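Heads up: the protein sequence lines correspond to chains F and A, in order. Each step along the first sequence adds one to the number in my numbering, with nothing skipped, and position 249 is 249. Basically my numbering = 1-based index in the second sequence + 1000.
For the record, the hints were derived by calculation from the structure and aren't laboratory data. Computed from a predicted structure; not experimentally measured. Where hints are given, some of them may not hold.
As the list claims (entries may be wrong) - Calculated pairs, DSS-like style, for lysine-lysine (alpha carbon to alpha carbon, straight line, at most 25 Å):
1) Lys422(F) with Lys1147(A)
2) Lys58(F) with Lys1144(A)
3) Lys451(F) with Lys481(F)
4) Lys1235(A) with Lys441(F)
5) Lys1380(A) with Lys1441(A)
6) Lys1447(A) with Lys147(F)
7) Lys1147(A) with Lys451(F)
8) Lys146(F) with Lys1447(A)
9) Lys1235(A) with Lys1248(A)
10) Lys86(F) with Lys322(F)
11) Lys430(F) with Lys481(F)
Claimed, not checked - Some chain F residues near chain A, calculated using beta-carbon distances under 8 Å:
12) Ile57
13) Lys86
14) Arg87
15) Thr95
16) Arg138
17) Tyr139
18) Arg150
19) Ile191
20) Tyr275
21) Lys298
22) Asp334
23) Gly439
24) Lys447
Every residue, glycine too, gets a C-beta built ideally from N, C-alpha and C.
Protein chains: 2
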Amino acid sequence: MPPLGLVPARACAALLGQLLRPPCAACARPVRSHSQVAEAVLTSQVKPNQERSNFIIKTPKGTRDLSPQQMVVREKILDMVINCFKRHGAKRLDTPAFELKEMLTEKYGEDSLLIYDLKDQGGELLSLRYDLTVPFARYLAMNKLKKMKRYHVGKVWRRESPTIVQGRYREFCQCVSDMDFDIAGQFDPMIPDAECLKIICEILSGLQLGGFLIKVNDRRIIDGVFAACGVPENKFRAICSSIDKLDKMSWNDVRYEMVTKKSLAPEVADRIGEYIQRFGGVSLIEQLLQDPRLSQNKQVLEGLEDMKLLFEYLTLFGIVDKMSFDLSLARGLDYYTGVIYEAVLQTPSQTGEDFSSMGSVAAGGRYDGLVGMFNPTGQKVPCVGLSIGVERIFSVVEQRMKVSDEKVRTTETQVFVATPQKNFLQERLKLIAELWDAGIKAELLYKNNPKLLTQLHYCEHTGIPLVVIIGEQEMKEGVVKLRSVASREEVAIKREHLVAELQKRLSDS
Amino acid sequence: MPPLGLVPARACAALLGQLLRPPCAACARPVRSHSQVAEAVLTSQVKPNQERSNFIIKTPKGTRDLSPQQMVVREKILDMVINCFKRHGAKRLDTPAFELKEMLTEKYGEDSLLIYDLKDQGGELLSLRYDLTVPFARYLAMNKLKKMKRYHVGKVWRRESPTIVQGRYREFCQCVSDMDFDIAGQFDPMIPDAECLKIICEILSGLQLGGFLIKVNDRRIIDGVFAACGVPENKFRAICSSIDKLDKMSWNDVRYEMVTKKSLAPEVADRIGEYIQRFGGVSLIEQLLQDPRLSQNKQVLEGLEDMKLLFEYLTLFGIVDKMSFDLSLARGLDYYTGVIYEAVLQTPSQTGEDFSSMGSVAAGGRYDGLVGMFNPTGQKVPCVGLSIGVERIFSVVEQRMKVSDEKVRTTETQVFVATPQKNFLQERLKLIAELWDAGIKAELLYKNNPKLLTQLHYCEHTGIPLVVIIGEQEMKEGVVKLRSVASREEVAIKREHLVAELQKRLSDS
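Okay, chain F solo, but in the shape it has when bound:
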């Protein structure tokens, strides 16, 4: 509705005030719909105090807090992934959580609907970033960089598909952590692409998530198959989006969508069906190179030749057994132009859970045109990259820990400062400051006169391995007692040797 946008809101307010002012009660809680978004902005005032006594304390729908236990697990996953990215020579980059809305348009195909906008407060129109790839491309174009190997760890935001709950239209924004590695630059074919697949293998092996499989395909092969089967060129991306649903829908349902919703001729759909249900390795590449219909198509041939080269490099990297050249893999996003891939976990036999139904845990591909979309001159910077699905991996690890009832320490405290006597707070404070200043991780209880048993229980409960005990007797003798929580052994140590002794013990353990 463009004409409406051009009417100053103040005029609208005046008009409506005169002509339409309805009784307040009747309109106080209207059922909301997409066309009523504007209205909501005007009612977004703070609720009055009396309504707040029965409010529910919660996080926004689609989000959650991460407890210290969860953070320990997540940090370990993140460290392991970051370490792998560094092993492959990547630099770290950071971009803002939101971008100008226009930077994100025409990049994501049907997924564009899932971008979350900030409220317009009279300044720029902003959207929360939907992935880390488009901000990377924007960064390269903005800084006129032709080459860069970078990693990026950050949150991205996606709207969940709207649902109707109790007659009310509900929609929410989901926040996920993303970890991306990308290689930008003009290089010889398939070398960076092969490295991206190697990285996915190293990460999934390193995280010990069990068996996994990486599906590989190429947008040029998909498009070539479409062309060879008679799909009109203006329908390539739409049909690609349908194919992308094959992991969640049957071929029959996908075919139905293509024919009815996207008006594809049934015989064309059937021809596509013959190809996209095939998967395999190098022998499938060879077969398709001989296929009478496909071998006429220049794009397909390029894609297949590159796929052959890729498989050669994957063999050298020792990871070809993890790969499946899969013609059904399409990837939803518009910006891919070459090789695409997606890693799924295999069902572990121990637990009987079907992890593969969780969707991909890592994915990526080549996008040679995206940076050019930001360049006024359209100059291209070829890119290939991958994204690690932290949330899904985290769910798998968390689920497994629940099953095995594994305990994690949520603090790293090495030494506890305790006393068996009253009125020793001053000595404890002096002593602990000395430990902190020496870089030792130390705690005490924030009590003037805690019981010794309470203090020792605290150590056992939180897993602190060493206790320094100071009391009257120790003070007289110029020593402290050093107690091992596990063995309950205690030794006296000269006060002035304490820090050195602790450092020695901690570096040994």
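Model the placement of chain A on the given structure of chain F, informed by the hints.
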């Protein structure tokens, strides 16, 4: 304008379409104002393609990318701070980037205006988090926790004050990194408070930012002074907000604001002025305890007695020389109830820059009532904490690095795999996969036949210390050459000993 909000947008659209449709050109870029927010939502469509050729590639106003060079510096600061938080026994927590809007209301006083809202898309009303303290209090209340020592590293978002640029109303959202440490729980007085100040000292000393000073005050002393001077109780927070501006405004200007904008009697303002311009140490505490006006006030006495105890603990921690009991320190936020503090950097004599004018680099205080605001029963959980101003510290470090022209490595690559000959890609790929699998950080050029000189230049340019060279001669002899980039020395090493030799060299260095 509540009545407007109650009119369905669609009705508004139809009406305006009939009555008001203006010539497009005249209204295409209306000057925006607060009352016109609704209109902007309606124009938030994607610009048509033809407009995009001359669009400017940029990040949103108030935000910036962080380059790999900047990320290295920032990561070092973050690591150092996190390490300190862990040294003091804190667990890590994470909360969503946005909260339900109602969770943030009535927590920030005048700063509430700076909260940034998400666009209402028919679901919950959401705001980007303004700090990490309120989400922590919400987490404690939601999980019914009475005790927790946690740290939190995350981004927070603040609207910048609106400004008029070229006749157009501009407003933007600023994203800053925040690092918070907080202690929740009922403990003996001033022990956790003293630890928070110790942590600030350890961090600012550890980052080697030069001299610093921590101003300390207590909300009970401020409120007691107000009461003793005759400020009406309902004006306490408003007057507090004025006092908070003393670091940017002179006393005369603050006094003017209090008298004219906040309708404070001039003689009351003058009485306040006598007190709040005083600062010092333990002797000032003693003086105020004797002050005839203040010593009548229970709140002030409590605050002063606790301040005395705090200074005793700070003496034991060996940091009392960094402290200044400063009656002008007020802190803007509503939720503080006890001790408050703010650290400022001192002007370094070398550069002549006035860093203290940058505002505080760390701040915090006690907020015993905040958790209770989220509890339906109002049950309180006393808390004290601190926040590190990462952006300001980062600016100082970055500025200093510019001055000293210090270079930083942006990658951690240890080994480069090179060849002097053509057609050695396969051998290079096999070899580098072996290094990666052994956990060695390694790179190669993504070229089939790179020149040796190009490869060696790459190492020198990016600071890679070791090069493994493989060629025909080496292949025949079953060796590789290992070259030190710095010394240019080369030794032959048996192919099968390479990984062990590299690991040895890397662990020695």
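Quiz item: Which of the stated hints cannot be reconciled with the structure, identified by number in ascending sequence?
Solution: 4, 5, 20, 21, 22
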